[in-house]
Amino acid sequence: MTTPTAAPLLALRGLTKSFPGVRALEQVDFTLQAGEVHALLGENGAGKSTLIKVLTGIHPRDAGTISLDGEEIIARDVADAQRLGIGTVYQEVNLLPNLSVAENLYLGRQPKRFGFVDARAMRRQAEALLRPYGLDIDCDALLGDYSVAVQQLIAIARAIDLSARVLILDEPTASLDRQEVEMLFTTLCRLKAQGAGIIFVTHFLDQVYEIADRITVLRNGRLVGERVTRDLPRLDLVQMMLGKELAVAEATRNRRGGNSDAARISFRGYGRKRLVQPFDLDIRPGEVIGIAGLLGSGRTETAKLLFGIEHADCGQVSIGARNLKLGGPRDAIAQGFGFCPEDRKTEGIVGELSVRENIILALQARRGWLKPISRRDQREIADRFVKQLDIRTSDIEKPIQFLSGGNQQKALLARWLAMDPQVLILDEPTRGIDVGAHAEIIRLIESLCHNGMSLVVISSELDEIASYSDRVIVLVDRQHVGMLQGDEISTAAIIRHIAADNKATDNKTADDTRGAAQ
Amino acid sequence: MTGQIGNRLSKRLPDAWRQALPQIIALAAVLLADWLVFPDFFHLRLQDGRLFGSIVDVFNRGAPVAILSIGMTLVIATRGIDLSVGAVMAIAGAVAATLINDGYGMPMAVAAALAVGLGCGLWNGLLVAVLDIQPIVATLILMVAGRGIAQLITEGQIVTFNDPHLIALSSGEVLGIPMPIVITLVMLAITIILFRTTALGLFIEAIGINRLSSTYAGVNTRIVLGIAYMWCGLTAALAGVIAAANIKGADANNAGLWLELDAILAVVIGGTSLFGGRFRLLLSFIGAIIIQAMNTGILLTGFKPEFNLIVKAVVIIGILIMQSTAPALLYGKIRRWRDSKSGSAPA
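First to last, the protein sequences are chains A and B. Numbering follows this note's numbering, with no gaps: position 407 of the first sequence is 407. Take any residue in the second sequence, count from 1 to its spot, add 518: that is its number in this note's numbering.
FYI, nobody ran anything at the bench for these hints, they're computed from the structure. Careful: at least some of the hints might be erroneous.
Using 30 Å as the maximum straight-line C-alpha spacing, the simulated DSS-like pairs for lysine-lysine come out as follows [unchecked claim]: (1) K398(A) to K387(A); (2) K371(A) to K345(A); (3) K851(B) to K398(A); (4) K822(B) to K53(A).
This is chain A alone, in the form it adopts within the complex (with noise of 0.2 Å):
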């Protein structure tokens, strides 16, 4: 589909681009096709959103060239890549969710009559626009009311419609469900088809698999190759990735399924309205619980009934003989829980305060204000857990925002390591983070439960949930509809239960044997 003779769309010859203490990127080549998606992977810190962000104009560049249909270009800021015709969609939604989704879509460029806003000829196109995205929706609501996964389709759709000839996705993907990827890939191809160059970054191997041309794999701030993808097989790629060997194989820890260990705490009954319903639960000392379920099945609202940020309106907890009650973190906290949360940016990191601090707050808060953690002792709490779990960070006084997805996480591991919790509930621990920081903490889960904590962890990951699960708890409509122990947990059995009494999954089921296929 692509002819390697052809002028490409996109190059970017010898860009080098160093922060104070860092080479961030050096001497990196990419070049992107027209008519190709252009996979552009590597671990945290590899450089990829640097990359990206000398692409579009938000740093400047040390060294370099960037040309454009052969045509040397500088983007001054993100609104002028967009004029020169390079879109970017970010992770996190960059629109306004007050707004409505057709004032979104045509912001700062609504059609006008008589010089006023023409809100019905507004209304009307952003309905056809969406159209083709298979979304049918009302453009005059707010956009905030629409899930994530719609919001990003919208952006999607405006950045697409603003420019279509270089588009930029980065982790697209990480909070669509597979149909909404389906959707996507339609969408992608559909792009192509019409010559447009597409630069995919993700995390998701499987996806890359499925739509990409090309791969681009960075390393340490180096470009490390450029394949062809189906030439390229998995294990190499990952190999590229990582630069070293790494056994992919699915190591199963021994489960300690069928165990009878009293329980630590116990849930009986346990639900809100509208938000899951009730539910029982046994958490055992040393064992992973593994939530599983698709996207809005209940998954987080019970990680956030099981810490107290939501309130039962029935049922009871117990630990022993003893009945309590979570009415909000800090009861829960008391009972030895923590809690990793899904959404890092608005639910876990304090941005603007350091490592240290986020490190120590929440066994500050525990303390209470009256007995401060000493400077010292802060350090050397910050600096074990730095050294422990492998955060990467150049001083633990650095601002905890101005670290990649996976060093953020691993930090708000050491906020509740460093308490010692009994049971820790981890909310998609390893979405949006590279493979490399994915299996550590992987490994990190498995060391926990052996010495004796207890974990619960929401993944949609199947493959990682049945690989260091005890038992497996499945969800579907905010209901907890079955419970795989033992040797019964695998993928295929976590799907059957999901797919059960829910026709929405058949897609999900044929992706998966695809992917067990290849």
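Given the coordinates of chain A, assemble chain B onto it according to the supplied hints.
Then chain B, alone, in the frame of chain A:
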């Protein structure tokens, strides 16, 4: 490349000083201007065991706003704002004046006024932390109602008093230093100790940056917010008592009028963002002194006080530009533009 030299210079300074650089430069510039229009500005003399001089006046007159800015800093750091401090000043002044005239002693009158201030802060805190009302709206309630409450206490009169102990809070001195300055510094020290040697300061910053994350980490956000607003109410009451002592009376209509704006300004000049987060109490204090140094300077030049507002606006714009990241961005853009011109020339 003066920028680079500046960079190198500032890199040698400890972090704390480097962050304070804009405020210190601004203060020095304003004081220099004062000195230019009034060469005797820094002249100090000791009379009857008390220090006199323009520079002392700056600190003395700046005391109420400086005290207000202490509490305001905490509230703004939580991503809130307290518009009611001016009205709380009026209430506290009215309480102190009324009680002193009813025959209570100075300690009792002041204690009651401070307690009322704490109560006002508690009210604001409840509205913000428990009922989740936006701070600007929540405190607007007391800003409006507070004047009414103060008038009810004074029964619509200006309540004058001549209790020497209460008056001494404004005109007295300790070791030659005017009492308002002493009270301000003591209050500043107590606040720094209370919020910086405990974990309260960290919690306030964490809540201001991300309240949800802080709640999930187990920070008792309601209590911390409550404490911040109560401390703000307390500082407002203290400023109100000093203002009343200064005019030997409680004027429910005019005491502390518009001072909430000066206090907010002092905090912003001091570098605490209105979006909450990191705060520096000492810099807010310097901010309050900068504002008063400008006021005094304009009075000394003999210009009409109306000029005060305009000059103030100009100076504030200057300080805010110094703090903003925009000039650096602009500089970067200009540089890139130049680069792009020279880069594309050969092609």
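*Numbers of the earlier hints that this structure fails to satisfy, in rising order*: 4
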